[in-house]
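> What follows is the residue order along each chain.
Number of protein chains: 4
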Amino acid sequence: MKALAEIQVVPIGVGVSVRKEVKRAHELLVESGLEVQLHSYGTNVEGELGQIFRAVETIHETLHREGTARIMTSIKVGTRTDKAPSLAGKLF
Amino acid sequence: MKALAEIQVVPIGVGVSVRKEVKRAHELLVESGLEVQLHSYGTNVEGELGQIFRAVETIHETLHREGTARIMTSIKVGTRTDKAPSLAGKLF
Amino acid sequence: MKALAEIQVVPIGVGVSVRKEVKRAHELLVESGLEVQLHSYGTNVEGELGQIFRAVETIHETLHREGTARIMTSIKVGTRTDKAPSLAGKLF
Amino acid sequence: MKALAEIQVVPIGVGVSVRKEVKRAHELLVESGLEVQLHSYGTNVEGELGQIFRAVETIHETLHREGTARIMTSIKVGTRTDKAPSLAGKLF
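Chains as they are written, first to last, in our numbering: chain E, 719 to 810; chain A, 719 to 810; chain S, 719 to 810; chain C, 719 to 810.
Bound conformation, chain E alone:
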């Protein structure tokens, strides 16, 4: 099922600056093969719902392995059956 989503990864316990981990999470989304659009409050993605969720699992596994003790991720995900969703189609 095709889906659009917004993914925001917040590492906890790495200090006041979270840039390194947030950048790493974005890189992993780029590598996932999903269409991605970075903005100041997360990364918007377009792809199969299952692929999106697997990408989030990969982010958690990778960041934990690389030393982040705690991760809080916020995901907004939308699907619809009346037409094919696209990130571009949500702009005006």
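Don't take each hint at face value.
No copy is singled out in the list; a pair is fine if it fits within one copy or between any two copies.
[To be verified] Under the rule of at most 30 Å between Cα atoms (straight-line distance), these lysine-lysine pairs were calculated in the BS3-like manner:
(1) Lys720 / Lys801
(2) Lys808 / Lys720
(3) Lys738 / Lys801
(4) Lys808 / Lys741
(5) Lys741 / Lys720
Hints were generated in silico from the structure; no laboratory data involved.
Here the structure of chain E is known, so what remains is to put chains A, S and C in place on it, guided by the hints.
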């Protein structure tokens, strides 16, 4: 990987009342085998990260099949390596 | 305007455990006079929309003054004109 | 207090397409005087925390007056004392 999450399902296009679809989504979470706690802004769940995401996929597939044209779901998910997370442990 | 909301405060840079600051934020919500319901992923509140937002401002001001350098708060807020909203009315 | 925020307005009960109301909400943010950046999952804004919340109140009041019976808004808001926050500074 053990995770805690909050899942809020918002059906779009079913009218001002969304109770029937939200209740159905909660039932599907109960049936998923995850530990669940209903509150006024969603359902908190405890379980494996992959199992949580599969439960959300099942909700989208089921609600679409049962007639909801558009679904927006908000998910907050947390994992940590310093100790075993639990929903109960987040209260004070 | 009467509103229902969910407020989740995430202090950044205080370490892996955020319990002290999250508990403090909840106390400030209790003191605000809003009706509050704590759960594992935030505090649900019922009250005037302006009062809810002022309570969130007070949380940010207070936690910063007490030493938290960075705060990320997630708010979901709902209003409706077809009937009087209540936290209890959202359960089933 | 300077803040960054993401605001996503979801009108309920207006049908499967929510474009008209979402566009109206974005226009009201532009008119608020906040710095705004539209993306596919909301509008990112930069400004005083109180000004941001007043803009959200104006959106709810205006959309209700113009006929939307129910509105669910998701807000992520961040403040920090270690440096001046900016939307541009969150990109990499």
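> Each hint should be assessed against the structure and marked as holding or not.
Now the hints, each set against the structure:
{"no.": "1", "hint": "Lys720 / Lys801", "result": "within (10 Å within a copy, 35 Å between copies)"}
{"no.": "2", "hint": "Lys808 / Lys720", "result": "both (15 Å within a copy, 29 Å between copies)"}
{"no.": "3", "hint": "Lys738 / Lys801", "result": "between (37 Å within a copy, 17 Å between copies)"}
{"no.": "4", "hint": "Lys808 / Lys741", "result": "both (25 Å within a copy, 10 Å between copies)"}
{"no.": "5", "hint": "Lys741 / Lys720", "result": "both (25 Å within a copy, 24 Å between copies)"}
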